[in-house]
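A.B. asks: The chain contents come next:
2 protein chains.
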Amino acid sequence: MPGRRRSIAETEQAVQERLGGFELQREQMAAVANIHRAAAAVRQHLENSALRPHDLTWTGFVVLWVLWIWGEAETWSVAEEAGISKGTLTGIARTLEARQLVARAPHPEDGRRVLLSLTPEGEELMERLFPAFNAEEAFVATPLSAEECLRLANGLRAIVAQLEEHGEERRRQLLDGTDLAPRRSGRRSRR
Amino acid sequence: MPGRRRSIAETEQAVQERLGGFELQREQMAAVANIHRAAAAVRQHLENSALRPHDLTWTGFVVLWVLWIWGEAETWSVAEEAGISKGTLTGIARTLEARQLVARAPHPEDGRRVLLSLTPEGEELMERLFPAFNAEEAFVATPLSAEECLRLANGLRAIVAQLEEHGEERRRQLLDGTDLAPRRSGRRSRR
DNA sequence: GTCGGATTATTTGATGCCAAATGAGAGGGC
DNA sequence: GCCCTCTCATTTGGCATCAAATAATCCGAC
Numbered sequence: 001m002p003g004r005r006r007s008i009a010e011t012e013q014a015v016q017e018r019l020g021g022f023e024l025q026r027e028q029m030a031a032v033a034n035i036h037r038a039a040a041a042v043r044q045h046l047e048n049s050a051l052r053p054h055d056l057t058w059t060g061f062v063v064l065w066v067l068w069i070w071g072e073a074e075t076w077s078v079a080e081e082a083g084i085s086k087g088t089l090t091g092i093a094r095t096l097e098a099r100q101l102v103a104r105a106p107h108p109e110d111g112r113r114v115l116l117s118l119t120p121e122g123e124e125l126m127e128r129l130f131p132a133f134n135a136e137e138a139f140v141a142t143p144l145s146a147e148e149c150l151r152l153a154n155g156l157r158a159i160v161a162q163l164e165e166h167g168e169e170r171r172r173q174l175l176d177g178t179d180l181a182p183r184r185s186g187r188r189s190r191r
Numbered sequence: 001m002p003g004r005r006r007s008i009a010e011t012e013q014a015v016q017e018r019l020g021g022f023e024l025q026r027e028q029m030a031a032v033a034n035i036h037r038a039a040a041a042v043r044q045h046l047e048n049s050a051l052r053p054h055d056l057t058w059t060g061f062v063v064l065w066v067l068w069i070w071g072e073a074e075t076w077s078v079a080e081e082a083g084i085s086k087g088t089l090t091g092i093a094r095t096l097e098a099r100q101l102v103a104r105a106p107h108p109e110d111g112r113r114v115l116l117s118l119t120p121e122g123e124e125l126m127e128r129l130f131p132a133f134n135a136e137e138a139f140v141a142t143p144l145s146a147e148e149c150l151r152l153a154n155g156l157r158a159i160v161a162q163l164e165e166h167g168e169e170r171r172r173q174l175l176d177g178t179d180l181a182p183r184r185s186g187r188r189s190r191r
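Keeping their order, the protein sequence lines are chains A and B. Its first residue numbered 1, the first sequence is counted upward by one per residue in the UniProt record's numbering. Its first residue numbered 1, the second sequence is counted upward by one per residue in the UniProt record's numbering.
Don't read these hints as lab results, they were simulated from the structure. Here the structure is a predicted model, which means the values were calculated and not measured. The beta-carbon is built from N, C-alpha and C at its ideal position, and this holds for glycine as well. Honestly, I wouldn't trust all of these hints.
[Said to hold, decoys possible] Looking from chain B toward chain A, a few residues come up when the C-beta cut is under 8 Å (computed): (1) Q25; (2) V32; (3) R37; (4) A39; (5) G87; (6) P106; (7) H107; (8) V114; (9) N134; (10) L144; (11) L150; (12) L156; (13) A158; (14) G167; (15) L174.
[Said to hold, decoys possible] Label pairs and their calculated CB-CB ranges: (16) A:A146 x B:A146: 21 to 31 Å; (17) B:S145 x A:E164: 13 to 23 Å; (18) A:A14 x B:R188: 37 to 47 Å; (19) A:P143 x B:E147: 11 to 21 Å; (20) B:A132 x A:E17: 15 to 25 Å; (21) B:A146 x A:S145: 44 to 54 Å; (22) B:A98 x A:E109: 42 to 52 Å.
Assemble the whole structure, with the sequences as input and the hints as a guide.
C.D. replies: This is the structure we're talking about:
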């Protein structure tokens, strides 16, 4: 069978053989695996269709989106909404600022904080870009009815909520005793 | 309302106000947005729970997984299954090889190709790691029944299939006339 | 055999990404 | 005023990521 992509059925067959000896949470595994396949495929399509002509990355677009919807906002809030770390946002904001799409302003009452907002160019870009972006969202979801889309969104929301509510505690419990080697990547501890 | 994360309802209200003038594919937008929220949340949880003690990244684990399930395989095939580009795989394989988890071997009949496989250490790691990983997959999916997991997986598969079957053509149609500025990142054209 | 096009994996260059460290400011206690 | 602690954003370090360029090899035509 060389030279061909494996089908889902083949993969699941192979998994079954390999994992015959394990107690396996099959359905949950399928859900998690497909979340990532779908996320990567959708992201790639959107970057290479709607976003490519404007030379925006996925994350850059999400940040613009958040500012478009919410208006001026503090950086920590933008990072939260966009689902990225504060450190990552600093970099994204820098590149968007360099392209005159985003403006950075000091908080009037607190010198530590920074406010982000769209420039007029950024607003204009989003007004032109959003319809195209939304059309591609509709394209990727073509096989699903509107109701199925909502069902899908609800299932995914439940997973996000589960992690927001219980994820941290779970990780604490799991990793408590184990004395953890530091992450291989990331800034080194001074110790 | 400062200092608090916005709820889904608040976000959708704001979106509605901002986008009142646009024709909006609402359900499809919700589905796409939540795919990414969920993917990021799940990935983060799995990296910080099951994978952290072994200092593996998500992608590193996926590559090991593919090799565990399929056995020795060619690099293009591993990249395809793992959902990453060939170039990325080269790097991942290098780090996994340096950690003695993966072996690289020349193809017996074709000097251009390379075969990857798990080392005994890699096999042993996966046998210990997989049950823990699967337990966390089950944890993130706690709010969903087994049937709901399958429904979710099916919906996501349909999206992946849509893009595999029609994505490239769609992109070609969309970007045909427009003369595209080169990507900002990536190796520069010699021109 | 050797040239040339096709098909591989790898390298390159720029950005994305996280977590930990750092720097800069706020605010209370004295 | 001067600490001390808390809370921000930013910097840093290491890996991940893609697309295009390059290098290595194969294979058919001649």
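A.B. asks: Are the hints correct? Go through all of them and say.
C.D. replies: Consistency of the hints with the structure:
1. A least Cβ separation of about 4 Å between Q25 (chain B) and chain A falls short of the 8 Å threshold, and the interface hint therefore holds.
2. Taken as an interface hint, V32 (chain B) checks out: its beta carbon lies about 5 Å from the nearest beta carbon of chain A, inside 8 Å.
3. A distance limit of 8 Å between C-beta atoms decides the matter here; for R37 (chain B) the minimum to chain A is near 5 Å, and the interface restraint holds.
4. Hint on A39 (chain B) holds. Least Cβ distance to chain A is approximately 4 Å, under the 8 Å limit.
5. Annotation: interface hint on G87 (chain B) violated; nearest CB of chain A at approximately 14 Å, more than 8 Å.
6. At a threshold of 8 Å, the smallest CB-CB gap from P106 (chain B) to chain A is about 16 Å, leaving the interface hint violated.
7. Interface restraint check for H107 (chain B): the shortest CB-CB distance to chain A comes to about 11 Å, outside 8 Å, so the restraint is violated.
8. Taking 8 Å as the C-beta cut-off, the interface hint given for V114 (chain B) is violated, the closest approach to chain A being about 14 Å.
9. Checking N134 (chain B) against chain A: minimum C-beta separation of about 5 Å stays under 8 Å; hint holds.
10. Look at L144 (chain B): its Cβ gets to within about 6 Å of chain A, closer than 8 Å, so that hint holds up.
11. The closest approach between the C-beta of L150 (chain B) and any C-beta of chain A is roughly 5 Å, which is under the 8 Å cut-off, so the hint is satisfied.
12. This hint holds: L156 (chain B) has a C-beta 4 Å from the nearest C-beta of chain A, less than the 8 Å allowed.
13. Checking A158 (chain B) against chain A: minimum C-beta separation of about 4 Å stays under 8 Å; hint holds.
14. With its C-beta approaching chain A no nearer than about 5 Å, G167 (chain B) sits inside the 8 Å limit, and its interface hint holds.
15. Annotation: L174 (chain B) was flagged as interfacial toward chain A, and the flag holds, the nearest CB pair being 5 Å apart, inside 8 Å.
16. Checking the proposed 21 to 31 Å range against A146 (chain A) and A146 (chain B) shows it holds: the Cβ atoms sit about 25 Å from each other.
17. Checking the proposed 13 to 23 Å range against S145 (chain B) and E164 (chain A) shows it holds: the Cβ atoms sit about 20 Å from each other.
18. In this structure, A14 (chain A) and R188 (chain B) meet the distance hint of 37 to 47 Å, their C-beta atoms being roughly 41 Å apart.
19. The supplied range of 11 to 21 Å is met by P143 (chain A) and E147 (chain B), whose beta-carbon atoms lie about 20 Å from each other.
20. Separation of A132 (chain B) from E17 (chain A) is about 21 Å and conforms to the stated range, judged on CB atoms against 15 to 25 Å.
21. Checked against the hint of 44 to 54 Å, the C-beta distance between A146 (chain B) and S145 (chain A) comes to roughly 23 Å, which is inconsistent with it.
22. A98 (chain B) and E109 (chain A) have their C-beta atoms about 50 Å apart, which keeps the hinted 42 to 52 Å range intact.
In the structure shown, a violation is registered for the earlier hints numbered 5, 6, 7, 8 and 21, in ascending order.
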